[in-house]
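Keeping their order, the protein sequence lines are chains A and B.
Residue numbering for the first sequence follows this note's numbering, starting at 1 and increasing by one per position.
Residue numbering for the second sequence follows this note's numbering, starting at 1001 and increasing by one per position.
Note that these hints are calculated values from the structure, not bench results.
Among these hints, one or two may not hold up.
What the hints assert, rightly or not - Covered by chain A, according to a simulated footprint, are these stretches of chain B (three or more residues, beta-carbon under 8 angstroms):
1) 1068-1078
2) 1162-1176
3) 1185-1199
4) 1271-1281
5) 1435-1443
Unchecked claim - Derived pair list, reagent style SDA-like, types lysine to any residue, alpha-carbon separation capped at 25 angstroms:
6) K1409/B - S134/A
7) K1009/B - K1380/B
8) K1380/B - V66/A
9) K207/A - L1374/B
10) K1142/B - V1157/B
11) K1194/B - R218/A
To be verified - Now the stretches of chain A that chain B is said to cover, found in silico as 3 or more residues with beta-carbon under 8 angstroms:
12) 20-29
13) 127-141
What you are looking at is a predicted structure, and each value in this text was computed from that prediction instead of being measured.
We treat Cβ as the ideally placed atom computed from N, Cα and C, and that holds for glycine.
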Amino acid sequence: MSKLITIDGNTIPFEEGQTIMEAATAAGVYIPHLCHHPEFTPHGSCKLCTVKVNGRTCSACTFPAVDGQDVLNNTQELTDDRRLITQMLFVEGNHFCPSCEKTGNCQLQAVAYHLNMLDNHFPLFYPNRELDASHAEVMIDHNRCIFCTLCVRASQQKDGKDVFAISGRGLNKHLIVNAQSGLLKDTDIEATDQAAHICPTGAILIKRTAYQVPIGERIYDHQQIDQVSLASENSQHDK
Amino acid sequence: MYEHLETAKNTENLKRVVVDPVSRVEGHGKVTLLLDADNKVRQARLHIVEFRGFERFIQGRPYWELPVLVQRLCGICPVSHHLAAAKAIDQLVGIDPENLPVSADKLRRLLHFGQVLQSHALHFFHLSSPDLLFGFESDISKRSVIAVLSEYPDLGVQGVKLRKYGQEVIRMVSGKRIHGTCAIPGGVNKSLSKAERDYLLEDIDQMIEWSAASVALIKKVHCSNLPYYDDFGTIRTNYLGLTKPDGALELYHGGIRAKDADGKMIMDNVDYCQYNDYIHEEVRSWTYMKFPYLLSMGKENGWYRVGPLARVNNCDYINTPLAEAARVEFKAHSNEAMVHSTLAFHWARLIETLHCAESIKTLLHDPDIMGHDLVAQGEKRYEGVGVIEAPRGTLFHHYQVDENDIVTKANLIVSTTSNNMAMNESVRQVAAEYLSGRELTEPLLNNLEVAIRAYDPCLSCATHAMGKMPLQLELIDAEGNLIDKLVKHSSGQIERPNNA
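Could you build the full structure based on these sequences and the hints that come with them?
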């Protein structure tokens, strides 16, 4: 007999060992997230997937599902909190969607639309961050990094390399690469690595591919991130 | 001509009149007049008071961002910036215009015709027609497109729909009416589907008819107000723009042609990549807009006009039949001489509108716009120059990149910048000939705006004289006495004048 939790009053089954995020995704319930990816170890850092479990706040991507849990996900309070978190992500970096080549394919932008984020709310930090275009095929625009560590995990767990890491704390936190020079060209990253494709924003990009997909055919042109996310993550889960 | 009115010899005891902002133009500018006790104009200037700085902040960005990034310069003719940048970055991937795939070339041209059509329609119907239909000094309540829609509803609606059609062309090709994506290095990212092509074909004959009617209208307005229309704001100038190698009107790609005020050729079919050998820019202290001039003729005499009047004046013919017939009539008006009337900008602009509508129809019947060979690639280069005839005139984009594909240097000469001297001269002509000595009233001041508006300036595009403009900082106490003064010269040197 399968075990059950409720999310927003709806009963859903789960398998032993699943997180709330995994159980929800399998049941077709979208919980907003940026640092979570079904192929990699959960990280629990972006906090967008914050839910209330039996009245307690926790990250759905790291919290195990336990029989009888009462989970709140799609509430006004949580949506408001998630919008504030997203606004903070926007103001901490330099996210200029109008000229960013990731626009229309960007998870950060899509989550912001999903949460009905209409402005930045907070003052912009305008951090002075570098762009590393030293590699022949792959580029890092540090202005757009949200420290989700997906590239770190993809490089280690999928590519069998160790190209990326997060260094520093608090406001000084930044993405670094595994090279004495600090430049991407001196790492062993290749354009075919999953780490080069997994960035949910426009921070890590394949060079010379911008705007090749016309407006109308981009990932989020016709579907919101909840539909896209559930479809792609369930198909990955089925593989 | 009227240059003596740029700076008054002695500004003491002169009365200052300001028109701020200049309305029904793109961007933000103001006009200042200095008048003496008899209301004689002693100084007249068009100042561009907004500041953009695109040339600087695109440095450090990868070159493939440029067409999408720089089109944000403007919401009226973003396609022009998009395509000028695209032509430049084609060269960075080793593609010269003749090597661009045929379908990509024609789709870009279609996009550009849509752009020029909508921009010209916007300018004539929404911004300028109130002046032309109701009179330059009409009541302020008449000076808007709303009054046009209420008193000439058919004409007003035609203008709105003509513009909308141009925007729909842009949407079909680039995905959005404003700030879409189309051009990528060496080509375009999509062709037209049959459904998209058929959708645009539905209304094109109507657009040609309305464009032809608007040419007839402006001709009637112009010719029924002679000699006023031939004189108002009129200055004798040089003209510059692109033409095809055979001298035909060209908006997307050609060589630079310049003629002097008598119609004598100054240069013809010059490769625009060499523009820097022919055109320089001067900075003046009182405006954010630069003053370009032809190097061979010097700062004093080398300034020129660009835009519809320059293009129709400069070309030998137009390759679409209705627009060519309209051009022949236009030139007959001046007995084949160069047309210097500033208000004839409107007439030339509508001839071009008709040309765009006809050209869109031709392209829509061309199967190449539905082709699939859309991108070409060659050997990487480190420098690219893209020049295009934007609605407001010749637009130059020039970029240099490093070995990592990052932009290291950018220079933009925006159409309106080229008309800077001419607009100032026209303002001074109107101030001297029509305002000087009269008691200034609000409707009378609209005359100055009418002269500026004829150029269809885009002031927001054209302002980027950063770092070269001398700055003056004055500290003044509550009684209005000057306490301290610092001057930063264009060289960067900072000075505290002794008399401060």
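Hints, verified against the model:
1. 1068-1078: It holds, with 3 qualifying residues against the three required.
2. 1162-1176: Check passed, 3 qualifying residues.
3. 1185-1199: Coverage by chain A holds here, the residue count being 3 at a Cβ distance below 8 angstroms.
4. 1271-1281: With 0 residues in contact (Cβ-Cβ under 8 angstroms with chain A), the coverage given for the stretch 1271-1281 of chain B is violated.
5. 1435-1443: violated (count 0)
6. K1409/B - S134/A: 18 angstroms, holds
7. K1009/B - K1380/B: 54 angstroms, violated
8. K1380/B - V66/A: This hinted pair is violated, its Cα atoms lying about 58 angstroms apart.
9. K207/A - L1374/B: 19 angstroms, holds
10. K1142/B - V1157/B: Measuring from Cα to Cα gives roughly 17 angstroms; hence the hint holds.
11. K1194/B - R218/A: 21 angstroms, holds
12. 20-29: Coverage by chain B is violated here, the residue count being 0 at a Cβ distance below 8 angstroms.
13. 127-141: Answer holds; 4 residues pass the 8 angstroms Cβ test.
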